[in-house]
Amino acid sequence: MATDQQPSRSRNPIKRGLAWMENLSEEAYAYLLLIPAFLVLAVIAFWPLWRTFKLSLFEDDLFGAAKVGDFVGLQNYIDVLTNQNSLLARPLIDLTGGTPFFRQALLVTIAFAVISVVFETLIGFGQAYIMAKEYRGRRWVRVAIILPWAIPIVIQGMLFYLLFNPSVGFLSGPLQSMGIFGANPLTDSTDAFIITTVADIWKTSAFMALLILAGMQSIDKSLYDVAEVAGASPWQRFRHITLPLILPALLVAMLFRTIDAMRVYGIIEASGAGCGTVPSLSCLVVDTMFGSTQAYASAATVAFITAIVIGIAISVYLLALKFSSRGSYQ
Amino acid sequence: MATIELEHIRKEYGNDIAIEDLNLDIQDGEFVTLVGPSGCGKSTTIETIAGLTKPTSGTVSIGDRDVTKLPPKDRGIAMVFQNIALFPHKDVYDNISFGLQLRKFEKEEIDKRVEKAAETVQLNGMLDRMPSEMSGGQRQRVAIARAIVRQPDAFLMDEPLANLDAELRVHMRTQLQRIHDELDTTIVYVTHDQAQAMTMSDRIAVINDGDLQQFAPPLECYNEPANLFVAGFIGSPAMNFIEGEITDDGFEADAGYIDVEFDPSAVDATVGQQVVLGVRPEHVLPTETATGDVTDSIDTYTDVTEPMGKEIFVYLVTDQSATVDMEDPDAAGQLLMSVGPAADIGEDQPLSVALDKSNLHLFDADSEVAIAHGLAEPAGVDATEDTPASADD
Amino acid sequence: MSHDTQPAGSSDEEQGPFTNWVDSAIKNPKKVYRAMFATVAIFFLFTTLFPLYWLTMIAFSDGSRVSEGVGLLPTGFDPSSFIEIFQQVPFHLYMFNSLVFATLTTVFVLLVASLAGYAFGRLQFRGKRPMMLGVLVISFFPPAAFFIPLFQLFNQQISFLGITPPELYSTPGGVVIPLSAVFLPLAIFILTTFYGQIPDGLEDAARIEGTTRLGALFRVIIPLSAPGVATAGILTFIAVYNEFFFSFLMTGAAAQDWAPIVDGIISYRSQFQVRYDLMAAASIVAVLPVATLVVIAQEKIVSGLTSGALKE
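Chains as they are written, first to last, in the UniProt record's numbering: chain A, 1 to 330; chain B, 1 to 393; chain C, 1 to 312.
Some hints could be false.
[What the hints assert, rightly or not] Taking CB as the label site, the calculated pair distances span: (1) C:Ala291 x A:Pro174: 26 to 32 Å; (2) B:Glu167 x A:Leu223: 22 to 28 Å; (3) B:Asp268 x A:Leu32: 53 to 59 Å; (4) A:Pro174 x C:Pro29: 37 to 43 Å; (5) B:Asn223 x A:Asn12: 54 to 60 Å; (6) B:Asp268 x A:Ser222: 58 to 64 Å; (7) C:Pro29 x A:Leu223: 17 to 23 Å.
[Unchecked claim] Using 30 Å as the maximum straight-line C-alpha spacing, the simulated DSS-like pairs for lysine-lysine come out as follows: (8) B:Lys90 x A:Lys15; (9) B:Lys104 x B:Lys90; (10) A:Lys133 x B:Lys90; (11) B:Lys104 x B:Lys69; (12) B:Lys112 x B:Lys90; (13) A:Lys133 x C:Lys30; (14) A:Lys322 x C:Lys30; (15) A:Lys133 x A:Lys15; (16) B:Lys310 x A:Lys15.
None of these hints come from the bench; they were simulated from the model. Idealized CB from N, CA, C, for every residue including glycine.
Can you make the complete structure from the sequences, with help from the hints?
Set out below in structure tokens:
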């Protein structure tokens with residue numbers, strides 16, 4: 001009578017494998033599914049990081065073939081944090097005179113991250129709303145909004161370099177006469193900082209918008225009908241339905257944007273501002289590693305300090321994420 | 001068709017025991033309902049039969065085949081879920097035929113079967129709709145069609161009507177029974193709603209705290225509950241319970257207001273045993289109209305009356321100044337009575353009632369197991385003792 | 001979301017002067033929202049599109065006159081830069097390389113992240129939080145922190161656990177493998193969020209109907225999470241296509257060495273002259289495939305809307 005049964009034993013190894021997976025406990029099945037991801041991450045991420053970490057425990061030997069000298073333990077970390085490491089790449093202009101250079105890079109990085117993430121979130125929300133509504137031509141509006149995200153960083157950098165270039169672009173003149181920018185904005189640290197931040201917001205708001213949009217579209221539409229029948233204004237609908245339900249997706253988006261912003265490097269170089277003018281932590285790593293000194297150990301040290309700084313910032317999000325998931329469907 | 005047999009099923013989640021040691025033997029073509037309060041283990045039981053949950057120990061057999069280690073798809077079962085669980089990205093046709101498509105049936109065969117299943121649940125002409133375009137009842141019928149289209153050995157239904165409104169639920173209940181009559185397939189049905197359990201099943205399995213309490217036809221569970229839990233769970237409104245003790249001449253309530261005369265030795269009770277007397281509301285009778293073998297009159301006062309249409313619920317208290325504690329229906333000194341709609345009973349009136357002795361239940365207070373059902377003196381046995389109480393009548 | 005969807009003006013008869021509009025707006029606040037919506041939409045379109053418009057104007061300018069300044073119209077008019085970009089270097093090959101990287105990485109990342117996202121989002125197991133944190137921590141590090149060991153590994157200078165991989169430098173593998181690891185955490189987190197929201201009943205139903213556990217993931221969970229999967233896919237594809245660090249450093253500079261578009265664009269910057277018009281034209285050409293992808297994939301995102309009653 002059983003019309004829909006297959007023999008439970010099969011010669012086909014794929015079928016046997018699937019049958020074996022069916023009988024795994026939930027826990028074992030979960031570990032099995034995680035193997036590919038962790039295999040990749042182990043070889044390509046954890047292992048190189050381990051080697052880089054070991055590197056950071058040795059002395060720099062700039063003239064030796066191996067580039068690395070004796071084991072010094074955490075001395076590199078102490079030197080960097082107390083600003084005694086003479087091998088770190090130096091800025092062309094020391095902006096604040098006395099401020100230790102590492103702390104200066106830290107300040108630039110944090111300021112960049114906070115400003116860009118706040119603006120990208122707000123703009124991303126607005127853009128997601130525009131993309132979610134139904135109207136004729138929405139497809140093209142969506143494409144237009146996503147397009148900046150599709151611009152290679154090299155081009156994004158060039159674009160903003162040219163826009164603010166005193167001879168090619170037309171923005172630098174008016175801004176200069178309004179007293180906002182100096183004569184050559186890209187060589188002035190404050191002006192260049194603003195330009196790179198604006199460039200980043202221009203390009204990356206679409207990232208936030210896409211994730212927020214995807215979150216919005218997983219919301220059951222009938223909830224909005226219920227709310228509208230109950231007389232909720234658009235703002236109340238946003239406040240009581242949209243926001244809480246997309247919060248997990250929103251926090252994931254903000255989390256990764258924050259991580260990315262705190263590693264900012266590409267746009268600084270590509271916009272022509274350069275690491276000397278807008279020194280971020282990543283700038284410090286790259287310049288120390290690939291610059292004239294090639295101080296690998298010092299660069300590795302700064303890389304790990306950068307990761308720790310980001311880790312501290314991210315733990316705030318993780319707490320929020322943990323908190324928000326309590327209200328979810330699970 | 002197939003029998004379903006659970007042997008010594010035990011399921012632990014970490015340190016929690018969901019099912020202790022469950023044995024269940026379901027006959028071919030039988031409609032069996034698992035009933036119990038939420039969290040009692042009935043859903044775990046049906047998931048174990050389905051294969052969605054693996055038991056910690058024990059075996060599951062379907063049609064004499066040990067399926068304990070088989071995945072759900074190879075067990076020859078179909079299931080209808082409480083949340084209906086239609087695939088929102090597939091239309092009705094694809095939802096119904098999903099299982100057949102997975103099993104690589106011929107297109108014509110699929111068409112034929114889907115057509116027939118849709119006819120059975122009266123869904124003709126809706127095959128190209130999306131689930132989001134249908135009402136709750138229609139969706140549930142799609143879910144049922146999805147189950148019957150595969151002609152499985154057994155249907156498993158986990159609270160399939162819980163999300164429907166009352167009217168629709170009654171309607172679907174009859175439809176399910178009709179489908180069962182038509183297909184004659186074994187059905188295991190889970191519900192916490194005893195009205196569904198009573199009306200549809202051949203047998204019901206009452207489960208509490210992961211233990212099978214009673215497995216019997218609905219009326220047997222109603223008339224001869226195996227223990228206090230079944231007695232309290234089956235029947236609405238619930239049975240009245242009165243705590244008391246066995247005396248030489250029968251039962252005496254701890255609170256003193258009820259005596260029931262019978263011969264303790266005839267029902268296997270010992271004098272001094274702590275017991276619980278159970279009486280259903282419809283077996284509490286106003287003394288005036290009481291006929292047959294009834295207990296002595298109990299003086300009570302009516303507190304609240306609830307006319308339900310075909311019957312009236314009357315909440316009685318033995319102490320005039322007391323009010324009924326709805327939170328604790330078994331509190332001493334209160335009784336629930338159910339009388340016919342013609343009865344003229346006002347609130348806050350004195351009322352003399354008696355209990356129908358042939359429908360009294362006696363349970364051991366410690367083990368909660370039933371001692372006796374019906375305390376009427378068997379005909380021909382001489383009631384030798386003439387107690388002062390009976391002389392009052 | 002779908003209630004005030006008609007374009008402004010089509011639903012009402014009143015198309016009169018401003019006062020009429022204000023009157024009707026007071027009676028019908030939806031009109032105000034609609035006007036606000038249109039304003040905001042135009043603002044966003046302007047800010048996102050204007051720099052690209054200007055980039056196009058540079059591309060159309062006469063290469064030798066760009067340094068004089070480019071306003072709202074090209075300085076001089078010379079559309080030949082769109083041809084010249086292919087004459088100077090095989091730019092289409094650079095694009096092809098980047099497309100290969102992006103496609104391979106996206107497929108690989110979506111597959112691996114789907115399995116992991118399913119485990120993290122839908123299964124209970126010990127060590128879940130530490131493992132998720134482990135995935136996340138990887139993205140804390142500047143790419144440079146991975147670079148040297150990987151560079152040595154791909155050039156066969158060192159071995160991993162005694163295994164020396166084939167020489168991956170200047171092959172798609174040399175780019176795709178590290179970028180997969182770089183973009184994996186984001187995809188895992190996105191998919192975890194979306195997969196976790198699918199009701200359990202649907203997965204159970206699929207398994208009863210005849211799929212395996214793995215089959216339920218591909219037949220039910222993933223299709224129902226289409227907005228999330230498409231989003232993760234778009235973000236990964238575009239990010240890899242435009243990636244700067246690994247794709248630049250793990251390949252040679254020539255198109256035959258699997259150099260990506262970044263190398264192509266930079267090649268218009270010679271020692272003596274920077275051809276902004278060529279760089280602009282090349283960028284516009286390079287963006288076209290991505291724009292096409294966005295058009296196609298965003299339809300997939302919209303399809304999430306029609307799936308409707310996803311939640312119980």
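Against the structure, the hints:
1. A hinted range of 26 to 32 Å holds for the C-beta pair Ala291 (chain C) and Pro174 (chain A), which are about 31 Å apart.
2. The hinted window of 22 to 28 Å between Glu167 (chain B) and Leu223 (chain A) holds, with their beta carbons roughly 25 Å apart.
3. Distance hint for Asp268 (chain B) and Leu32 (chain A): a CB-CB separation of about 57 Å, consistent with the stated range 53 to 59 Å.
4. In this structure, Pro174 (chain A) and Pro29 (chain C) meet the distance hint of 37 to 43 Å, their C-beta atoms being roughly 38 Å apart.
5. In this structure the hint that Asn223 (chain B) and Asn12 (chain A) lie 54 to 60 Å apart at CB holds, the actual value being about 55 Å.
6. Checked against the given bound of 58 to 64 Å, the beta carbons of Asp268 (chain B) and Ser222 (chain A), roughly 59 Å apart, stay inside it.
7. Taking the beta carbon of each, Pro29 (chain C) and Leu223 (chain A) are about 21 Å apart, inside 17 to 23 Å as hinted.
8. For the hint pairing Lys90 (chain B) with Lys15 (chain A), the CA-to-CA distance comes to about 26 Å; that is within 30 Å, so the pair holds.
9. Distance check on the hinted pair: Lys104 (chain B) and Lys90 (chain B) sit about 18 Å apart at the alpha-carbon level, within 30 Å; holds.
10. Annotation: proposed proximity of Lys133 (chain A) to Lys90 (chain B) holds, straight-line Cα distance about 24 Å (limit 30 Å).
11. Taking the CA atoms of Lys104 (chain B) and Lys69 (chain B), the gap is about 24 Å. The hint holds against a cut of 30 Å.
12. Of the supplied pair hints, the one linking Lys112 (chain B) and Lys90 (chain B) holds, its CA atoms being roughly 19 Å apart against a limit of 30 Å.
13. A C-alpha spacing of about 14 Å is found between Lys133 (chain A) and Lys30 (chain C), which places the hinted pair at or below 30 Å, so the restraint holds.
14. In summary, the hint linking Lys322 (chain A) to Lys30 (chain C) is not supported, as the alpha carbons are separated by about 37 Å, beyond the 30 Å threshold.
15. Between Lys133 (chain A) and Lys15 (chain A) the CA atoms are separated by roughly 45 Å; this puts the pair beyond 30 Å, and the hint is violated.
16. Between Lys310 (chain B) and Lys15 (chain A) the alpha-carbon distance is near 60 Å, which puts this suggested pair outside the 30 Å criterion.
Violated hints, in rising order: 14, 15, 16; the structure is consistent with all others.
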